[in-house]
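Participant: From just these sequences and the hints, can you work out the full model?
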Amino acid sequence: MASTAQRLRRVALPAAGLTAALALTACSGGQAAPAATDGFDGVSLTVWNSIDFEPYQGLQKQYFESCAADLGITVDVETQSGDYTTKLLQAAGAKSLPDVALLSTDTQLPQLASQGVLADLGQYQITTDGLADSVAGLGTYQDTLYGLPVQVEDYAIFYNKAAFAAAGVSETAPKTFDDLVTLAGSLTTADQKGIVLPGIAGDGSTPVYFLPFLLSAGGDPADPTGAGSVAAVDLYKNLVANGSLSSEFVNWGWDSIDQWTSQKAALTVSGPWNLVDTSIPFEWGTFPFPTAKPGESSKVNLLGYVYGAAANSDAKKEAAAAALIKCRASEENQIDTAVQGGYIPALKTAQDAFVQKVPAAAPFVDAVDGAYNSAQLGTEWNTLQQQYVDAIQAATVGGQTAQAALEQASGK
Amino acid sequence: MTNDRHPAHRPAAVTAEPAAAAVAARRRRRGWTWTVVTVVVLAVYLFPVYWMISASLQPSANSTDTAWFPTSPGLGGYEKALDDAGIGGLRVSVLVSLGSVLVTLLVAIPAAYALSRLRSRAVSIALILLLLAQMIPSVVLATSFYAMFNSWGLLNTFIGLILANSTAGVPFAVIVMRAFMLRLDAEVIEAATVDGLGPLGVLWRIVVPLSRNAIVTAGVFAFLFSWGDLLFGLTLVNRNEMYPMSVLILALSNSNLNTWAATMAASLIASVPALVVILAAQRHVKEGLTAGSGR
Amino acid sequence: MTADTLTTTGRPGARTPGRFRRSLAARQRGELWGFLGPAIVFFVVFFLFPLGYGVFMSTTNFTTGTFITGRAPFVGSANFEAVLAEPVTFRALANTLTITIVSVVVELVLGLLLALLFARRFPGSRWLPTLILLPWLLPAVVVATVWKSLLAGDGPINDVLGSIGIPVEAWLANPATALPAVIVVAVWASLPYWATILGAALKQVPAEQLEAAQLDGAGAWRRLVSIVIPTIWPVISVLVVMSVVYTLLIVDLVLVLTAGGPANSTVTLGLLSYRQAFQQFQFGLGGAYGMLLLGISILFAIVYTVMSMRRERDE
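Protein chains in written order, with our numbering: chain W, 1 to 412; chain V, 413 to 707; chain R, 708 to 1022.
Derived by calculation from the structure, the hints in this document are not laboratory data. If a hint is listed, it holds; no wrong ones were tucked in.
Straight line, CA to CA, 20 angstroms or less: simulated EDC-like cross-link-like pairs of lysine to aspartate or glutamate: (1) W:Lys264 <-> R:Asp861; (2) W:Lys264 <-> R:Asp866; (3) W:Lys316 <-> W:Glu65; (4) W:Lys348 <-> W:Glu332; (5) W:Lys357 <-> W:Glu283; (6) W:Lys326 <-> W:Asp120; (7) W:Lys264 <-> R:Glu876.
From the structure, some residues in chain R lie toward chain V, with a derived Cβ separation under 7 angstroms: (8) Glu738; (9) Leu758; (10) Tyr760; (11) Phe829; (12) Pro846; (13) Val853; (14) Val952; (15) Leu956; (16) Val958.
Away from chain R, derived, C-beta distances all over 12 angstroms, residues of chain W: (17) Ser270; (18) Thr278; (19) Pro294; (20) Ala360.
Computed from a prediction, not measured in an experiment: that's the story for all the values here. For every residue, glycine included, the Cβ atom is placed at its ideal position computed from N, Cα and C.
Facilitator: Next comes the structure, spelled out in structure tokens:
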């Protein structure tokens, strides 16, 4: 399954973040002068990917090699395993960055861009047309486009159709938090809880799935005691109080999805990788997130994967790299990756085509417009994450009110 | 007790035998009672181990619906564990643990010997320092090692992990072996010295063979400390192929995919070498520990 | 203050002239100090330096950049003040002490009971007790993962408890029961070690003394308290010291079992140190927690030494 190893590595190894943060080197590369060149004969480029499992790995090779053939250049596509961020930063310091590299927008893009080692893609007629503003923003740093987004990741609510049928509830999405609490309550039976969400500290899952609720309540993640945060924590509190969310959720992290797939819970939150998971033994659907008050629109957090080009003194090489990226980011490639790998495409047209093939992807796609770029919190997010988890736990199993829990957790 | 008839030996023996036999039978029954008690205690105590084995053989179950008994056992969990992580992680753990044993013994044997022979206030100070060394919190050690190894290029290396893990074994090894060596017969050592053996020769030819139990004990503990380490593996490594088994088990258990059987399988696989080591060395360990702790 | 001497016996016939003897002794002493060489280097590099580094970390504004630039502005006791101002620190302190004291006491009592059981002679008593070491061999991450699933609300332990009528709940999800659950797991993993060591030590108790006492009419309890325990006391005290230090330092077991939750009810100083350093990248605070923990260990060592010195003086 596509994201196996990615989830494996991303979720469980907190210290990987440390080495990433620590590998910052002082060197910075120079910016090459722009040059309009066509005809890239004889150019040979290296490409780095970090997602090292099938089918993604094979697909990337395919895309790049076919694009290279179109452009008349040769490419060497390498897949890096392990701490990719550290590798990139070390390569940047040694001035040996690959010509093209896959970058995640929450960590790798800002770090490399801030060191000036990436090429300005805007000079090469690469535009963010066809991308929603929120997606376009993912690839920019200080208003310059350094990475062209090819896929994004956001979240939606998944539900078990059989549970709805058994409870005689129609499959309509809950519009408000109160609706969600009622819905989850009506789906709760002796053997099945209404909803499962992660609540454990330290593995990163709890804040990721909590953010959409906070954002949909109009909250600002940087403001833990604001009204939106309180409403979101209160939601969790109410879900536990009416018995639809097991109090054991405080022990569950990414593995909380096990509760849903083994039909011990009817609803859960997950990412797009769940769309292509063929091992789910029942019929399921997706909903968008509810909002705190009726009539508002929900909002989710978004992170993206972009391809960036290394700043190169050889103008021809840099231009070739940009052209390669542009080709790689084509619509067909994005649809292909989405359907096979469970990533949401960046291009709006590709998204629509994806929804046609996988209708359950609709809430994911609809939420992309106006989504929140979680990278903008920077390193503050580490502290905030723990505060939110503490508050959620204190309000649910610790008996505190949401407001008090948030105030205590954030030290205000 | 005999009756007052003229006792011929045989009649007396005949009457004595059933009595003795009865006593023996009672003792045997009482013995078996204790066996039953022990078996019950062990069964209850080791239930989690049974659970681990049973779960590892249920490849289709996830963490929520593991049955008490694997009704349709399968090795899918083991396949996944070895595929995803296992062989590499096992190799790293084995090499690092064996390396730690080597480093620990190389450092600790001469030191223990010296501390057992010297009569100086420095020895008391050394013992206090050893105790202090064991009290340094692992997070402090891990961060310092990170900084050191980062500058020396020892991150993601076997040497780095070996040296870091040896810190758990060395103080304990010195203390245990010293306690044992205190009891070595000074005459034998004296004789060897007079016979012309240099200091290393005395150590290698006389002291080490005599201290076999304590050395095996120290080695086994060094192996177990290193084998069970999680923190150094998490902080001093950031490349997939260099993660030891314990870190990979953590990753498997936290993953949001159906990896419960694989987690249990990996846990079992991770427990086997430790088990092998202790079974092979248990006689030495028991004797070494008694000698070492009865100071 | 005695001069350095070696333990030598006066072997008959090996009388050496005074001067030669002294320099032989001196040479041997030098050799022994040489044997200490690798250990001294190891100690300085891998213990002394990290200790100093830890003090440095806890008294400076240590960020991730410091690893590269080496610069960390000195902030004195600011980290300690910040740490002590957090209510969660006191929770951690209380938890750390509770876990340590309760664990060690339970391990001592149950360990002794198990050792007494295994000391009896019965069919299988030669090899059955070895099996108890199994839990002790498991890496902490394995122990925690297995117990997490055992203690789940619908897990096997609750199945059993429920069937004999004991009210059950999700032990690790309730702030009131999470800490006792952590203690149970910690004891489960360490008890085998106690049982084995105490079992070996029991063999040292002279059987004749016990028999004599039995003939004199002393009951089992009396025999235990007056003969067995005093005989194995040195072993017990070593075990206690080792166990206290080990339990104080536990990080990975709690990390994997509860990550400090629920609602920070199982945080320990070690866990907070890890959390600050490797999850929040606040190394100054992480170092401060580390130093606090070290301070407690040292305090314990001092108290213990004073008590045992006083005991020796009394005897």
